[in-house]
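Trainee: Take a look at the letters that make up each chain.
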Amino acid sequence: MSRIGVVTFPGSLDDRDALRAVRLAGAEPVALWHDDADLHGVDAVVLPGGFSYGDYLRCGAIARFSPAMLSIVDAANAGMPVLGICNGFQILCEAHLLPGALTRNQHLHFRNRDQWLRVEHTDTAWTNSYQPGEEILIPVKNGEGCYVADPSTLEELETTGRVVFRYVRGNPNGSQHDIAGVRNAAGNVVGLMPHPEHAVEALTGPSTDGLGIFTAVLAQLGSAVGER
Amino acid sequence: MSDSEKPVLDTVPHAVDTPELAQPYAELGLAEDEYQRIRQILGRRPTRSELAMYSIMWSEHCSYKSSKVHLRQFGEKAPANTRMLAGIGENAGVVRVSDDLAVTFKVESHNHPSYVEPHQGAATGVGGIVRDILAMGARPIAVMDQIRFGAADHPDTARVLPGVVAGISTYGNCLGLPNIGGELVFDSCYQGNPLVNALSVGVLPVDRLQRKEAEGEGNIVVLVGAKTGRDGIGGVSVLASATFDETSQQRRPSVQVGDPFMEKLLIESCLELYDAGLVAGIQDLGGAGLTCALSETAAAAGTGMLIDLDRVPLREASMEPHEVLASESQERMLLVVEPAKLDDVLAVCAKWGVLATALGTVTGIGEPLTIRWYGEDVVSAPPKSLADDGPVYARPLREPADRVLLTADVAETLPRPSTPDELRDTLLRLVSTPNLADKTWVTEQYDRYVLGNTVLAQPEDAGVLRLSEESNLGIALATDGNGRYARLDPYQGAQLALAEAYRNVAVTGAEPIAVTDCLNFGSPEDPEVMWQFAEAVRGLADGCQQLGIPVTGGNVSFYNQTGRTPIDPTPVIGVLGLLPDVRQRIPMGLRPSPDGHGDLLILLGETKPELSGSEWAATVHGHLGGTPPAVDLEHERRLAELLRAAGTRGLLTAAHDVSDGGLAMTLVEACLRYDTGARLLVPDGTDPFVFLFSESSGRVLVSVPRGMQAAFTALCGEYGVPCTGIGVIDPDNRALAVAEQFTVELDELRTAWSATLPALFGAPATAATADR
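Chains as they are written, first to last, in my numbering: chain U, 1 to 228; chain B, 1 to 772.
No lab work stands behind these hints: they were computed from the structure. You can take every hint at face value.
Partial chain B-side listing against chain U, Cβ under 7 Å, derived:
id, residue
1, S169
2, C174
3, G176
4, F261
5, K264
6, D447
7, T454
A few chain U residues that face chain B, going by a derived Cβ cut-off under 7 Å, partial list only:
id, residue
8, P10
9, G54
10, H109
11, N112
Simulated DEER-style distance windows between Cβ atoms:
id, chain 1, residue 1, chain 2, residue 2, range
12, U, R169, B, P313, 45 to 55 Å
13, B, G762, U, P132, 37 to 47 Å
14, U, A31, B, P594, 36 to 46 Å
15, B, S188, U, D114, 27 to 37 Å
16, B, E376, U, H40, 51 to 61 Å
17, U, P132, B, E422, 48 to 58 Å
18, U, D114, B, R583, 16 to 26 Å
19, B, D389, U, A31, 42 to 52 Å
20, U, E158, B, D99, 53 to 63 Å
21, U, D114, B, P205, 28 to 38 Å
22, B, E634, U, H40, 51 to 61 Å
23, U, R169, B, R398, 54 to 64 Å
Where is the CB? At the ideal position from N, CA and C, for every residue including glycine.
Turn these sequences into a full structure, and let the hints guide you.
Mentor: Next up, the structure:
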């Protein structure tokens, strides 16, 4: 069974939800600790939502330097699938695994709503279970989720198919190009502001559309094993 | 600074030597006779630190000196109950919900700080109630907020409301606690005195219940959490225990500043300490800080303590001992730990990056609480004299002089809409009134998903949480209060609030099992306010006795007035319910049935011409008078049992409480929830206006699949609950249609309903699809 790690930083909040989503997707959830550089042999890593280190200084800016993150950066560069959700996306940007930055929502409020996204590209470790152009309903909840990048980066993201998720039927925070999530060039690292781990059960979520992100990585890992 | 300029440290020997030194007891809120009693207890004048401690512990906020004689009824009238594991007097009540799980919940006020500094006042209100839940051994799993402001269009409301909401949002969201519901009310009576109440709920294994007793001579007293600063000094004695006046705005240093990140770490470290069995006693530091935590833990066990106060980690090195004792710095807990376990405790705290400092030891039974400052005694007092032996007042009561006139001025005779067009206009006016309008502007700022167990949250009647993924055991929670009803009749008003919270829990299919309350009133020194308080408490205690559910804990907030004008008495009642299987919860919104037919709409309970105190009277006529709707708690109990039975048998597809704004508002909310229309028929012999806008209590709108109508009406007969078929869900038309009266498109309703709060408090710019 694939082992998927979820890192708990001081101030992580959705870590238990991410562990649950991993379990419901059929993988073995492994709790990782920010202060431990050992990734315990996991096959993939999820950086969960929350306010790591209180989001003091800047969202994700301190978490980036934790021992666990230094190992994750190396592993990601070697091809390990890494998903950053909300604060995890912010950490990935701070760690330069993903381009751009997340800034204060344009309306200056924290906003929690059920949000439609379009899956723009399915050629990543975390989106291969969706159809290109598929629209999914996932909760968004953040105060600093407005994606920004310089014009040339935006241009590159658009032309190389690296905008993975785009807000549709309304942009909740003012993100440039309605960007909700992006990937790295290799496609193993994906970050998004909305919370797929909150849309994995009909009882508690607005949909179960988020589960596909966690099953996608299992398919990816399974095929990678097959290739060996 | 030379020795001659150094302020003299007021030690115990110094107090003995200078018996006639004038002391500022009145400035600290103590009465002359209270001061004399302190001298009597100590056999000398108090030191400066002792005076600070007594003024805090004997304040209204800590000692409940004006309310105690009334609150006793909650114990005396409590129905026999086998669920309650901890009750009034503890940090929060604890009720058993299964063989191995218990739930703790409590609602508390943070009214005065939130007026002075809305953001921090409200934020630390959330922080404080969450620590109460944590202190019982529970993991906090949700919060709710009950917030009341002056007129929605008053300029000061635009100052206070956004700050309060942002404070609740920031603190609760950063703690990772879903906000599952609450109340937002506007009324000019709260203009100079907004109410900010917050509820938290937690879950614990039954055997993890914690105690506050500082037992075991030789045990170590450990302070855990944030450093202590000068914030919040005098919070309870000055802010919470006196009436507001023009200088209130200058009291900002009395408001604490919160750090939710520290509180999150405090939660995780305390839970790890509990699970490792490392804690002998624990108490949170809230209002009254170290003073309260030290004296209450010692008093509860009957022990003494020897504390070296200079060990307390400080934010400001220049703080004096009385300031350290009075500080209300947030995010702190006091632990009592066996010496052999101290190192393990310090290690767990270090893992989470939380400061932990041994301050001293527990001494023998009957010993004093002795506090040293760099080796010199600054406090030596019996802990019980601080915590338990404060003054108790049976304050004079007087029925308000205007009550006869107020009661006679009924709303039932006010001019009513009668034509279909007038009824339609009235509906549109009510849906857009701030008290009934869409609350999304507020609730969207709260995280309702975190922890992944939120089954229902606002705008549902009650929040529903899953406790166990294995068994699907869950709880429902609702709070209600209606200041207008309580102003007209505090006894009945308290019971109406209880009945509504009880019903809001029941409509989800849950069994109501326990009650918490936050009693917001004016000055207890005003006999008319005290009468309102006594009546409300009597009403609540009688009501709980009749419904067979206990009050497990709560909070009293007095002095909610500006100058001589008190707020409307506002008892806020929270009811906890139990759902054996959360998958069977009943939602509030109407939906098309799978077979394409519209389910039937049935109204439970009886509609009478009851309009006094109603939202209609307030909105349309600016009127408050008459007698509030009648309460029939026996009916409420049967109604709850019926809903539970029907829910278990799968007879209901939706259920929504009828309250403010009457059936019309209930229908609007139920239709807009999932954008589904409905067609209604006014029952024969009923005045359409009364049918739509009366606020008769004990009513619920339900939707029943067509094939199940007979079974459901038979069940209603069995439980003795009146039921009336009033219409059908209409999946084909997105409109609310009342036959022979009017039709309103759902789009028109939604526009009117959802535009109000953004127009008042700023529409968040839904920016930038433009740059594409």
